[in-house]
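K.L.:
What follows is the residue order along each chain.
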Amino acid sequence: MQREVRQGVAAVSIEGLTKEYGTLRAVDGLTLAIPSAEVFGLLGPNGSGKTTTINCLTGLLKPTKGTVKVLGIDARSDGLEARKIMGVSPQETAVLPYLTGEENVRLFGELYSVPKKSLRARADYVLEKVGLLDDAKQRVTKYSGGMKRRVSIAMALVTDPEVILLDEPTVGMDPQARRAVWDFIVELRDEGKTIMLTTHYMEEAEELCDEVGIMDHGKLIELGSPNDLKTRYQARDMEEVFISLTGRRIREGE
Amino acid sequence: MKLGHALALAKKDWRRIFREPAFLFILVLFPVILTIAFGTSFGAMGGSQITQFKIGVVMLSGNSSASNQFSHDLIASEAFAVSYYANNRTAQSALSQGQLQALVILPSGLDQSVQSYRAHPNDPGEWTNTTVFIYLDKGSALTAQAIPNMLVQVLDQGVLGAKSAPEATPLSLSVPSEVEVQGNSVFQSFAPGLFAFASIYMIMIVAQSYTTDRETGVLGRIMAAPTTGADIVMGSVLSYLALALLQALLVFACVYALGYHPAAGTAGLAVGFLIITVFALCNIGFGLITAAVSKSAGAATGISFVFLMPQLFLGTFVGSALSPTAQEAGRFLPAYYVTDALTSLWTRGAAATSPAVLTDLGGVVVSSVVILTVGVLIFRRMATG
Numbered sequence: 026m027q028r029e030v031r032q033g034v035a036a037v038s039i040e041g042l043t044k045e046y047g048t049l050r051a052v053d054g055l056t057l058a059i060p061s062a063e064v065f066g067l068l069g070p071n072g073s074g075k076t077t078t079i080n081c082l083t084g085l086l087k088p089t090k091g092t093v094k095v096l097g098i099d100a101r102s103d104g105l106e107a108r109k110i111m112g113v114s115p116q117e118t119a120v121l122p123y124l125t126g127e128e129n130v131r132l133f134g135e136l137y138s139v140p141k142k143s144l145r146a147r148a149d150y151v152l153e154k155v156g157l158l159d160d161a162k163q164r165v166t167k168y169s170g171g172m173k174r175r176v177s178i179a180m181a182l183v184t185d186p187e188v189i190l191l192d193e194p195t196v197g198m199d200p201q202a203r204r205a206v207w208d209f210i211v212e213l214r215d216e217g218k219t220i221m222l223t224t225h226y227m228e229e230a231e232e233l234c235d236e237v238g239i240m241d242h243g244k245l246i247e248l249g250s251p252n253d254l255k256t257r258y259q260a261r262d263m264e265e266v267f268i269s270l271t272g273r274r275i276r277e278g279e
Numbered sequence: 005m006k007l008g009h010a011l012a013l014a015k016k017d018w019r020r021i022f023r024e025p026a027f028l029f030i031l032v033l034f035p036v037i038l039t040i041a042f043g044t045s046f047g048a049m050g051g052s053q054i055t056q057f058k059i060g061v062v063m064l065s066g067n068s069s070a071s072n073q074f075s076h077d078l079i080a081s082e083a084f085a086v087s088y089y090a091n092n093r094t095a096q097s098a099l100s101q102g103q104l105q106a107l108v109i110l111p112s113g114l115d116q117s118v119q120s121y122r123a124h125p126n127d128p129g130e131w132t133n134t135t136v137f138i139y140l141d142k143g144s145a146l147t148a149q150a151i152p153n154m155l156v157q158v159l160d161q162g163v164l165g166a167k168s169a170p171e172a173t174p175l176s177l178s179v180p181s182e183v184e185v186q187g188n189s190v191f192q193s194f195a196p197g198l199f200a201f202a203s204i205y206m207i208m209i210v211a212q213s214y215t216t217d218r219e220t221g222v223l224g225r226i227m228a229a230p231t232t233g234a235d236i237v238m239g240s241v242l243s244y245l246a247l248a249l250l251q252a253l254l255v256f257a258c259v260y261a262l263g264y265h266p267a268a269g270t271a272g273l274a275v276g277f278l279i280i281t282v283f284a285l286c287n288i289g290f291g292l293i294t295a296a297v298s299k300s301a302g303a304a305t306g307i308s309f310v311f312l313m314p315q316l317f318l319g320t321f322v323g324s325a326l327s328p329t330a331q332e333a334g335r336f337l338p339a340y341y342v343t344d345a346l347t348s349l350w351t352r353g354a355a356a357t358s359p360a361v362l363t364d365l366g367g368v369v370v371s372s373v374v375i376l377t378v379g380v381l382i383f384r385r386m387a388t389g
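Respectively, the protein sequence lines represent chains A and B. Residues in the first sequence are numbered consecutively from 26, following our numbering. Residues in the second sequence are numbered consecutively from 5, following our numbering.
There may be inaccurate statements among the hints.
Stated by the list, open to error - 27 Å max Cα-Cα, derived DSSO-like pairs, lysine-lysine:
hint: 1; chain 1: B; residue 1: K58; chain 2: A; residue 2: K162
hint: 2; chain 1: B; residue 1: K299; chain 2: B; residue 2: K58
hint: 3; chain 1: A; residue 1: K90; chain 2: A; residue 2: K141
hint: 4; chain 1: A; residue 1: K167; chain 2: B; residue 2: K6
hint: 5; chain 1: A; residue 1: K87; chain 2: B; residue 2: K58
hint: 6; chain 1: B; residue 1: K299; chain 2: A; residue 2: K141
hint: 7; chain 1: A; residue 1: K173; chain 2: B; residue 2: K58
hint: 8; chain 1: B; residue 1: K6; chain 2: A; residue 2: K142
hint: 9; chain 1: B; residue 1: K58; chain 2: A; residue 2: K109
hint: 10; chain 1: B; residue 1: K299; chain 2: A; residue 2: K142
hint: 11; chain 1: B; residue 1: K58; chain 2: A; residue 2: K142
hint: 12; chain 1: A; residue 1: K162; chain 2: B; residue 2: K299
As the list claims (entries may be wrong) - What follows is a set of in silico ranges between Cβ atoms, one per label pair, in the way DEER data are often shown:
hint: 13; chain 1: B; residue 1: F29; chain 2: A; residue 2: R101; range: 38 to 48 Å
hint: 14; chain 1: B; residue 1: F29; chain 2: A; residue 2: G272; range: 34 to 44 Å
hint: 15; chain 1: A; residue 1: G41; chain 2: B; residue 2: E219; range: 52 to 62 Å
As the list claims (entries may be wrong) - Only part of the chain A face toward chain B is listed, based on derived beta-carbon distances under 7 Å:
hint: 16; residue: G97
hint: 17; residue: R101
hint: 18; residue: S102
hint: 19; residue: P115
hint: 20; residue: E117
hint: 21; residue: L121
hint: 22; residue: L136
hint: 23; residue: L213
hint: 24; residue: R214
Source of the hints: derived by calculation from the structure; they are not laboratory data. For glycine and all other residues, C-beta sits at the position ideal for the given N, C-alpha and C.
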C-alpha cells in the first residue's frame with residue numbers, strides 16, 4: 026500500500042523506509058506522505074514498527090534504507106535542521122522526575138533555543154492547555170502517570186513546532202485529561218500544525234485523525250480516513266477495522 | 005556545539021545532584037563525612053610511623069675519610085636509607101619531589117675540621133669550624149623532629165669519635181629551610197589522597213545518570229531535540245567540573261579544620277585545585293564507558309567499581325602503606341598523579357612549576373582527555389541505533 030508523494034505538499038514524507046536489527050526487519054519499505062495541517066494516526070499491533078518509524082523520523086535510529094523528510098528537510102542528512110521543526114513526545118513518558126513540571130518544559134524550550142523572553146509565557150500556555158499550570162511548580166516525581174504524560178506533551182509543544190510526533194500520547198490519562206489533550210490536538214491542527222500520532226485507542230483514532238495508516242509486520246497494510254475504512258470493511262467502528270486487518274492473535278511488545 | 009544547550013543540560017544535572025538524595029550523599033555529603041572520619045581516626049601519631057628515613061647526601065668534600073666515615077655510620081645505624089647525589093641541585097629536586105625526607109650537605113672543609121677536633125678535642129681555639137647543612141621535608145613533623153638529633157649523634161660519636169655527647173664541636177648543624185611543625189600527624193600523608201578519593205565516585209554517578217536517562221527515554225528525547233552529542237557531553241563536563249571544584253573546596257575546608265595546613269602559596273593552591281578539577285574529566289569518561297556497557301542503572305553501579313576500586317586503592321594514598329609493586333601499578337592510574345601532585349604541592353611545599361608537579365599535571369590532563377574521548381566515542385556508538 027503506497028500513497029503518492031506530491032513534492033512540496035507533504036509535511037512528512039517517507040519513501041521506502043526500511044529498518045533492520047540483524048535479521049529482524051522492523052520496518053519494511055514504508056512509503057507514506059502526510060499533508061500539512063492534518064492529524065495522522067499510525068496504528069498497529071505491538072511490534073508492528075510504529076515507534077521504529079517515529080524514531081527514524083526523529084533521527085534516533087538510522088534507517089537501513091529509504092528516505093525520511095520533514096517539511097522537505099531530509100531527517101537523515103540534515104537531522105539537526107529537521108529536529109528543529111519537530112516536537113516529540115515519545116512512547117516512554119521521558120520526563121525528568123527530579124525537575125518540576127515547569128522546569129521540564131522550560132528545559133526543552135532551552136534545548137530548542139526558544140528565546141528567554143517568550144519561554145515563560147509559552148511554557149505557561151502549554152502547561153495550561155494540558156491542565157497542569159496549577160501543579161507546574163511541583164516536582165514530577167509527585168505526579169500521577171497521567172500527569173507525567175501530559176507534561177511530556179507540554180514538553181513537545183513548548184517550541185510551537187510545525188510537525189508534532191506523539192507516540193501514544195494519552196496512555197494512562199483519565200477521560201477528562203484525555204479530552205483536554207484531544208481538544209488541544211484539534212486546536213493545533215486548526216492552527217496549521219501537522220500531527221502524527223500512534224495509538225492503541227481506536228476511539229482516539231476515530232475522534233482525532235483525519236487519516237490513519239495501519240501497520241503490521243513493518244509494512245503499511247491500509248491507509249485512509251476512519252470513515253472510508255469503516256465503509257470499506259463494513260465495520261461499526263475502527264476497532265473492527267483494526268481486528269479484521271491484523272487478526273486476534275496477541276502480539277509481543279515493540 | 006551551542007553553549008546555551010550545554011548550560012541548560014548542565015543546570016539539569018546540577019539540579020539532579022542536589023535533589024536526588026543518593027547523588028547528593030555520594031557526591032557532596034560522603035566526601036565530607038569520609039574526610040572527617042579519616043581526620044579523627046588518623047589525627048594522632050598512628051600505626052604507620054616511619055621506621056627508616058630516606059636521606060640524601062651530597063659530599064662537597066669528595067671522597068674524604070670523614071665523608072666516608074659519615075656515610076658508613078649513617079648506613080650502619082639502620083635508621084637511614086641513603087642516596088648519594090652529585091650536586092645540591094639534583095638533590096634538592098629529589099627532596100621536593102618526595103623522594104627524600106632529608107638532605108645532608110657535607111662541606112668541603114669537613115676533613116680538615118674533623119682532623120682539627122681529633123688533634124685538639126679539648127681546645128676549641130685550634131678547631132677549624134665548618135657547617136653541615138640539612139634540608140628537611142617541610143611537611144613531615146616526624147622528620148623535622150627526629151632527623152637533626154639523629155644526625156648530630158652520627159656526627160659526634162661516629163665522625164668525630166666523641167665517646168659521649170660533647171658540649172661543643174667544630175661542626176655545627178644548620179637547617180636552612182624553615183621547618184613548620186604544627187602538630188601534624190599521619191593524617192597529613194592521607195589528606196592529599198582524600199581529594200581524589202572524593203572525586204572518584206563521580207564515575208558511578210555519571211554512569212547511573214546516563215543509564216537511567218537511557219532507560220527512561222530521557223536521553224533519547226534529548227537527542228531527538230536539536231542538540232548534538234557535543235552539547236550533551238559538554239553539559240556533563242560543565243556540571244561535573246563545577247561539582248569537582250565544590251567537592252575540592254569542601255574537602256579542603258574539612259582537612260584544614262582537622263589540622264592539614266598546606267605548605268603552599270597561592271600558585272600551589274591554584275594548581276592543586278586545577279588538577280583536582282581536571283581529574284573530573286577522567287571520571288566523566290569512565291562514567292560514560294561504564295554507561296555504554298551497562299544495560300541498567302543497577303548494572304552500572306556494579307560495573308563502575310571496575311574503574312573505581314583500582315583508583316581507590318592504588319591511586320589515593322600514594323606512598324602511605326602500599327607495597328612497591330602496588331605503588332608502581334598505581335602509576336597507570338590517573339588518581340595516582342592527582343594524589344602525587346597534591347602531596348608534592350601541599351605537603352612537601354614543592355613549587356607549582358617544579359618538574360614533579362608539571363609531570364603529574366601532564367599525566368592528569370593527558371589521561372583525562374584520552375579517557376573522556378574514549379568514553380564519548382564508546383557511548384555514542386552504544387546510544388544510537
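K.L.:
Confirm or reject each hint.
P.N.:
How the hints compare with the structure:
no. : hint                         : result
1   : B/K58 <-> A/K162             : violated (63 Å)
2   : B/K299 <-> B/K58             : violated (50 Å)
3   : A/K90 <-> A/K141             : violated (39 Å)
4   : A/K167 <-> B/K6              : violated (32 Å)
5   : A/K87 <-> B/K58              : violated (62 Å)
6   : B/K299 <-> A/K141            : violated (37 Å)
7   : A/K173 <-> B/K58             : violated (65 Å)
8   : B/K6 <-> A/K142              : holds (19 Å)
9   : B/K58 <-> A/K109             : violated (65 Å)
10  : B/K299 <-> A/K142            : violated (40 Å)
11  : B/K58 <-> A/K142             : violated (66 Å)
12  : A/K162 <-> B/K299            : violated (33 Å)
13  : B/F29 <-> A/R101: 38 to 48 Å : holds (44 Å)
14  : B/F29 <-> A/G272: 34 to 44 Å : violated (52 Å)
15  : A/G41 <-> B/E219: 52 to 62 Å : violated (32 Å)
16  : G97                          : violated (17 Å)
17  : R101                         : violated (12 Å)
18  : S102                         : violated (15 Å)
19  : P115                         : holds (5 Å)
20  : E117                         : holds (3 Å)
21  : L121                         : holds (6 Å)
22  : L136                         : holds (4 Å)
23  : L213                         : violated (19 Å)
24  : R214                         : violated (22 Å)
Hints 1, 2, 3, 4, 5, 6, 7, 9, 10, 11, 12, 14, 15, 16, 17, 18, 23, 24 from the earlier list are contradicted by this structure; the remaining hints agree with it.
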